[in-house]
Amino acid sequence: MILLGIAMDGDFSLFERHIDALYRSALRLTRKPEDAEDLVQETYLRAYRYRSKFQPGTNEKAWLFTIMTNLFRNRLRQRPAPEDPLDEPGTDFFIYDQLRRDGMPVHLMSPEEIVVDRGFGDEVKRALEELPMAMRMVVMLVDVEDFSYKEAAAILGVKIGTVMSRLHRGRRALQKRLWEYSGRPRPSVAVGGQA
Amino acid sequence: MGHSDCDETMGRLSLYLDRELSEEEVGEVMIHLHSCPPCEQVFDFQAELKRLVRKECCTDDAPARLRAWVRKLAVEKTEPAR
Numbered sequence: 269m270i271l272l273g274i275a276m277d278g279d280f281s282l283f284e285r286h287i288d289a290l291y292r293s294a295l296r297l298t299r300k301p302e303d304a305e306d307l308v309q310e311t312y313l314r315a316y317r318y319r320s321k322f323q324p325g326t327n328e329k330a331w332l333f334t335i336m337t338n339l340f341r342n343r344l345r346q347r348p349a350p351e352d353p354l355d356e357p358g359t360d361f362f363i364y365d366q367l368r369r370d371g372m373p374v375h376l377m378s379p380e381e382i383v384v385d386r387g388f389g390d391e392v393k394r395a396l397e398e399l400p401m402a403m404r405m406v407v408m409l410v411d412v413e414d415f416s417y418k419e420a421a422a423i424l425g426v427k428i429g430t431v432m433s434r435l436h437r438g439r440r441a442l443q444k445r446l447w448e449y450s451g452r453p454r455p456s457v458a459v460g461g462q463a
Numbered sequence: 004m005g006h007s008d009c010d011e012t013m014g015r016l017s018l019y020l021d022r023e024l025s026e027e028e029v030g031e032v033m034i035h036l037h038s039c040p041p042c043e044q045v046f047d048f049q050a051e052l053k054r055l056v057r058k059e060c061c062t063d064d065a066p067a068r069l070r071a072w073v074r075k076l077a078v079e080k081t082e083p084a085r
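Same order as they appear, the protein sequences are chains A and B. Residues are numbered in our numbering as their position in the first sequence, beginning at 1, plus a constant of 268. Residues are numbered in our numbering as their position in the second sequence, beginning at 1, plus a constant of 3.
Be aware that a few hints might be false.
Said to hold, decoys possible - Per the computed footprint, the stretches of chain A lying under chain B, defined by three or more beta-carbons under 8 angstroms from a beta-carbon of chain B, are:
1. 291-301
2. 306-319
3. 406-415
4. 436-444
As the list claims (entries may be wrong) - Simulated pairs of lysine-lysine, DSBU-like, Cα-Cα distance not exceeding 35 angstroms:
5. K53(B) / K427(A)
6. K58(B) / K427(A)
7. K418(A) / K53(B)
8. K75(B) / K418(A)
9. K80(B) / K58(B)
10. K58(B) / K329(A)
Keep in mind that the hints were calculated from the coordinates and are not lab data. Here a beta-carbon is modelled for each residue, glycine too, at the ideal position from N, C-alpha and C.
Build out the structure end to end from the sequences listed, making use of the hints.
Structure below.
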């Protein structure tokens, strides 16, 4: 506790450093800039209020994300959002399978060409925002914010196996949406081997 | 390369891309990929897709107003208590 003054000075930049990550994640969760801003403010208020519980030297980004996802889940409980039926069984490489099925020269195509270079611009964000919440959180934490499975599990208070299954389903659903956005027809046959 | 090697490697695709494999397991995957272009192609595609998701979702920075608010909060909260 002798080092309190120094530790607190450190907190300032330590917490503030993650503001962009928190804000963009809040946007994916709330889908509205005003709500995202509000959620980030509340996250910082809480972070400073419970600062004494934070252990310097541990992962402050994970700590801030734990606070934010908890706050957001409390909000959701008060105002539940409708979810949509993107969650279906299959492999982790939906788009790749579709291209092969269509006889496309996959080795000559990049996902960027397929998904982004079609004049939209925001389709990846939109696809992520349309994932059911449990999957959205995991894809956001692991694929966008680069947390390990273990960190994501700790942030969300779930088992690692749960993180893995949500990630698998979330990625598949995300790819399915991106495939639809890319202007390609909905698959008529189930892909991935499962009937 | 037997078909079971391909199956095993494919089963590790996500773990590999998410850097959740041990060094030894990464080595095994890489050995297989070097000798199996079809598997390598899937891995490259999925790696690129993961990079794309990340890149496309990292474009929103916090607004200046919010940044200023957080800075002000930090200054208030880190002033020595009287």
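Verification of the supplied hints:
1. Counting residues of the stretch 291-301 of chain A whose C-beta sits closer than 8 angstroms to any C-beta of chain B gives 5, which meets the bar of three, so the coverage hint holds.
2. Interface restraint, the stretch 306-319 of chain A with chain B: holds (6 residues with C-beta to C-beta distance below 8 angstroms; minimum three).
3. Only when three residues or more bring their CB closer than 8 angstroms to a CB of chain B does the claim for the stretch 406-415 of chain A stand; here the count is 6, and the claim holds.
4. Given as covered by chain B, the stretch 436-444 of chain A passes the check, having 4 residues with a CB less than 8 angstroms from a CB of that chain where 3 are the minimum.
5. Distance hint between K53(B) and K427(A) is fulfilled; the C-alpha atoms sit about 23 angstroms from each other, no more than 35 angstroms.
6. A hinted pair counts as satisfied when its Cα atoms are at most 35 angstroms apart, and K58(B) with K427(A) qualifies at roughly 28 angstroms.
7. Distance restraint check for K418(A) and K53(B): the Cα-Cα separation of roughly 19 angstroms lies within the 35 angstroms cut-off, and the hinted pair is therefore satisfied.
8. With a C-alpha separation of about 33 angstroms, the suggested pair K75(B) and K418(A) falls inside the 35 angstroms cut-off, and the hint holds.
9. Between K80(B) and K58(B), the direct Cα distance comes to roughly 34 angstroms. Compliance with the 35 angstroms bound is thereby established for this hinted pair.
10. For the given pair, K58(B) sits about 19 angstroms from K329(A) by alpha-carbon distance, which is consistent with the 35 angstroms threshold.
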